[in-house]
Structures are given as structure tokens and as C-alpha cells.
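Residue numbers (this note's numbering), protein chains in the order written: chain E, 11 to 249; chain H, 29 to 332.
These are computed hints drawn from the structure, not numbers from a lab.
Backbone N, C-alpha and C define an ideal beta-carbon position, used for all residues, glycine too.
Treat each hint with caution, since some may be false.
[Stated by the list, open to error] Listed below are the simulated SDA-like cross-link pairs for lysine to any residue, each with C-alpha atoms no more than 20 Å apart in a straight line:
#1 H:Lys-64 to E:Glu-124
#2 E:Lys-109 to H:Lys-64
#3 E:Lys-104 to H:Ser-169
#4 E:Lys-120 to H:Lys-64
#5 H:Lys-199 to E:Gly-27
#6 H:Lys-199 to E:Thr-118
#7 E:Lys-104 to H:Arg-119
#8 H:Lys-199 to E:Thr-13
[Claimed, not checked] Away from chain H, derived, C-beta distances all over 10 Å, residues of chain E:
#9 Lys-72
#10 Gly-77
#11 Glu-140
[What the hints assert, rightly or not] Using C-beta positions, here's what the derived DEER-type ranges look like:
#12 E:Asn-87 to H:Thr-176: 29 to 39 Å
#13 H:Pro-124 to E:Glu-238: 26 to 36 Å
#14 E:Lys-226 to H:Ile-323: 48 to 58 Å
#15 H:Pro-124 to E:Ala-181: 28 to 38 Å
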Amino acid sequence: MMTETILAIEQLETYYGKIHALKGISLEVKQGQIVTLLGSNGAGKSTTLRTISGLVPAGAGKVSFMGRDITKEEPHNIVSMGLIHVPEGRRIFKGLTVKENLELGSFTLKDDMERQKRIEHVFEIFPILEDRQKQDAGLLSGGEQQMLAIGRAMMTEPKLLLLDEPSMGLAPIIVREIMRIIKRLNEEGTTILLVEQNAKIALKLADYGYVLETGKIVMEGDGATLREDRSIVQAYLGA
Amino acid sequence: MSLQEIILQQLINGLLIGSFYSLVALGYTMVYGIIKLLNFAHGDIYMVGAFVGFALLGVFSTAIGAGWLGIVAAMLCSMVLVGLLGVVIQRVAYRPLLKAPRLSILITAVGMSLVLYNFVMVLTNGEYKAFNTDLGFSGVSLGALYITYTQIVLVVATALLMLGLHWFINKTMYGKAMRAIAIDQDACRLMGINVNKTIALTFFVGSALAAAAGVMAGVYYGSIHFFMGFVIGLKAFTAAVIGGIGSIPGAMLGGLVLGLLEALGTQLPMVGSEWKDVFAFVILILLLVFKPTGILGKSEIERM
Numbered sequence: 011m012m013t014e015t016i017l018a019i020e021q022l023e024t025y026y027g028k029i030h031a032l033k034g035i036s037l038e039v040k041q042g043q044i045v046t047l048l049g050s051n052g053a054g055k056s057t058t059l060r061t062i063s064g065l066v067p068a069g070a071g072k073v074s075f076m077g078r079d080i081t082k083e084e085p086h087n088i089v090s091m092g093l094i095h096v097p098e099g100r101r102i103f104k105g106l107t108v109k110e111n112l113e114l115g116s117f118t119l120k121d122d123m124e125r126q127k128r129i130e131h132v133f134e135i136f137p138i139l140e141d142r143q144k145q146d147a148g149l150l151s152g153g154e155q156q157m158l159a160i161g162r163a164m165m166t167e168p169k170l171l172l173l174d175e176p177s178m179g180l181a182p183i184i185v186r187e188i189m190r191i192i193k194r195l196n197e198e199g200t201t202i203l204l205v206e207q208n209a210k211i212a213l214k215l216a217d218y219g220y221v222l223e224t225g226k227i228v229m230e231g232d233g234a235t236l237r238e239d240r241s242i243v244q245a246y247l248g249a
Numbered sequence: 029m030s031l032q033e034i035i036l037q038q039l040i041n042g043l044l045i046g047s048f049y050s051l052v053a054l055g056y057t058m059v060y061g062i063i064k065l066l067n068f069a070h071g072d073i074y075m076v077g078a079f080v081g082f083a084l085l086g087v088f089s090t091a092i093g094a095g096w097l098g099i100v101a102a103m104l105c106s107m108v109l110v111g112l113l114g115v116v117i118q119r120v121a122y123r124p125l126l127k128a129p130r131l132s133i134l135i136t137a138v139g140m141s142l143v144l145y146n147f148v149m150v151l152t153n154g155e156y157k158a159f160n161t162d163l164g165f166s167g168v169s170l171g172a173l174y175i176t177y178t179q180i181v182l183v184v185a186t187a188l189l190m191l192g193l194h195w196f197i198n199k200t201m202y203g204k205a206m207r208a209i210a211i212d213q214d215a216c217r218l219m220g221i222n223v224n225k226t227i228a229l230t231f232f233v234g235s236a237l238a239a240a241a242g243v244m245a246g247v248y249y250g251s252i253h254f255f256m257g258f259v260i261g262l263k264a265f266t267a268a269v270i271g272g273i274g275s276i277p278g279a280m281l282g283g284l285v286l287g288l289l290e291a292l293g294t295q296l297p298m299v300g301s302e303w304k305d306v307f308a309f310v311i312l313i314l315l316l317v318f319k320p321t322g323i324l325g326k327s328e329i330e331r332m
């Protein structure tokens, strides 16, 4: 099977003031894959995603999405190309209703009929959100908020979804539910770049993985290889 | 006049003044909600709106007269022009400072206020301008009460503007985006919302509402002057705080509450109409002591 590269990062560097957060990382995500980016706290995983989606400017290097250079593009333009970032901590709009949150997910869409159709699709995947559609999103539980964050991202029908620690702070049973849904989205055709601290669950899903350490990629390989690698097991699986 | 009639008359006056406060307060509260700026130039935007309406009415009156048709045309054009002025001010004076310390942008707003105020002062030689209309003083009498049609139309027009705003904020995508930006700007960027454009739109809507209030105040009082924005700016700010700053229904409510309390306050023994400003700010101080978040404001406590 021929697979096309959907996201390519070359020698990407990012600074926060004087802090050199990314020191030249390169990675690739192919169409239809789930790729995971592993690493401990402060390794630069979230920074990588924030640089890809344009929230943080790149200091050097290049990000290309579907063959287009998006390194200097504004975040809202990147979204309309079909690259959606679900940030760490979910960042749902507390104070707005669940339904309004979903509607805002499709801000770039002009067609209200299509918007309604996509909301129905999200409700089918997350029935709990349909029950709570009129509630203040701030009143949802952590797991429901994560579902809303993913559902909101799906409203654009993304080609590539960047997920930042979707398992954070959730009970194991909820984490399994979220991972099942990520797999389903991928089977429906969405390519996924998954950032996780929990390497065990991420490598169960991933076709390919990268390990990030203090702003540098220190290891990469396909999911099966990384699962068997002793150093990863020791460093990130807590075994 | 019996006491009842006096109170009724004051309620009508209060409702009108309160409508103007509300319209101006909306601009304060929307801008505060979205970029946490107390836009001290906002009262002067109201004043500029009155003058632009005045100039346009002068032009239109030769063609369509200075009756309601001319006034509505002048008001709508003034809303658009002053709305654009608000956008330009935002772009030139505030946007470059969005990442600067809060105090810098606050001082810039004070400076912007002085610029507008002095500009109009020089342009008009500091004179009062008679806001001449063909409306006259016909109206309806209820016992000893007399309400002019002008008063009725102004209150209805304010209500329509507020309903329009309510619809815009709650039912359109840009309205929802405005509320979302007030909550989390970065998350909005990740939804594909053009944050700068939405902030500009907020300034447009807020300034247009203030301009409408300015034109209506000209119609109501019959004269306008370059310092008319100063006190109403403070009052509208007070109204926004009373309602809960950042809250749109709060600004509407706060304006009406302040207008009504002020009008009724002038009837209290020992409190004549010359004390009405004192009365308004005493209300503000009492409110800040007992309910600092305002009537409809939310507390800042975040649930994690």
C-alpha cells in the first residue's frame, strides 16, 4: 500500500523567550496512521504540537502539511486546511453549553445544515453529549470534557488530529473508552498524532512512535518495536 | 401632581436615561469581556456618534426632512461610521498593546479619550449645537402625566437594538465566537476563529450602539456638546459594574437600574436633582461593598 506523508517536520526549533524548548526535531506522519510522540514531562511534546498548529512561532525549521509549508501560517488558517489540535487540559469553553461548544468547533463551516449533520454524528459517537447538550460545559466530568474536546475537533472533519494527552487525569476505564474512540476515528479515515505520557496505552494504538527527550528525538520505530524496547519499557511504562 | 404621578413621571425619565446608560454600558462590558480593557474612550465615542448624527441630519434634512425618517437614516449611518471609527481605534491604538502590561493599554484608552474630546472641541469651537428636529412635542397624556411620542419611540428603539444584540450574541456564529474569546483565546484560535477579526467586530458593535445612544440623546435633549461623553462614560461604566462587568444582560439591566434609581433619587427629601450624580456613585460604592461582582456577574473562582 502506498502511503502519502500528510505531515512532515524538518529540523524544527522553538524558543520560549530564552528557553530553547525544541532543539531541531524531525518527524513524519503518514496518511491514515496513528503516530505517537512519547516523552516525560517537559520533554517538549506539547510545544511540538503548539508549534505545528501555529500557537507558538517556530524559531527555525519547517512544518509542511499535505505538501504545503505552514510554518508561518496563522492558526485559524491552519484549522481551515483540516489540521486540528486538541490541546492539553481540553480547553473547552466553560460557560457555554455543550452544543455551543460543538458549534464553535465548526466555526469555519458556513453551511448550517451540514453543521447540524456533524453534530448528530458526534452525538452518535458520544451519546452522553447529546443528553447534556443544553448544559454548561463546565459542569461536565473530566472524561465528558475530554469527549467534548474530541467531539468539538471532529466538527471540522479533520484530516489530521493532534491530540495532547487525552488520558490525563482520567480513570483507567474512561481512558480505555477514549482510546477506543481514537481508534474508531482513525478507522473512519482521520490521521492522528497522539502525544502521551502514558506510553503503554499509546503504543497499543500507534503504528509508529517517536520518543522525545529535552527537545530532541532520541528514538523512533514502529509501534511493535517500541513496545518491546527495554529502555522505553523502563523509562515510560513504569515497569 | 400627586406623589404617585411624580413617581410615574420619574420612572419614565429614568427609563429613558437608563436606556442611554445601557446602550453605552454594553460597549464597555463587551470590550472588557473580550480583552479585559476598560475602554475609557467609549464615552467619547458616544459623543462623536451624536456629532456625526448631527452633521448627517443637517445634510439629510434638505432631502428627506428632519422627521423620523431623517433621524433614523442619520442614526443608522452614524452607527456604521462610528462603528468603523471604533475598529480603527482598536487597530491603531489598542491592538499593538494587547501583549503589553494592562496599564499601558489603559493609559492609551485615556489618551484616546482626550484625542477625541479635543478634536471635537476644536472642530466645534467648544460650542453647544442645537440638535434640531421636526418632531415637536405631541404625545399622550395620562392624567397629569405627559409622555411625548419621541420618548416612546426612543425607548422602543433601545429595546429593539438590545433585542438585536441579544440575537446576534446568542444565535450567530460570530456572536458565539465573541463569547468564546472572552473565555479562552487560544482555544478559539484552534477552532479556526480569527481572533483579531472578532475583536474588531466587537469594537464595531459596541461603538455602533454608543453612536445610536448619542444620536438618541441629541434628539431627546435637543442640544449636544463636546463634553457630553464624559459623565455618561462614567455612568455607563458604573452601570456595567452594577450589572456585573463582562455580562451583557448585566449591562442592559445595570443601565436601567442606575437610570431608574437616579431619577427616583432626585425625589427623595434632601436629595435634589443636583445631587443625582452623587446618588449614582453612592449606589456604586454600596454595591461594590456588598456585592463586588455586580448583579449578574460571576465570581472568578474556577473549578478545575
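Which of the numbered hints above does this structure break?
-> 1, 2, 3, 4, 5, 7, 8, 12, 13, 15
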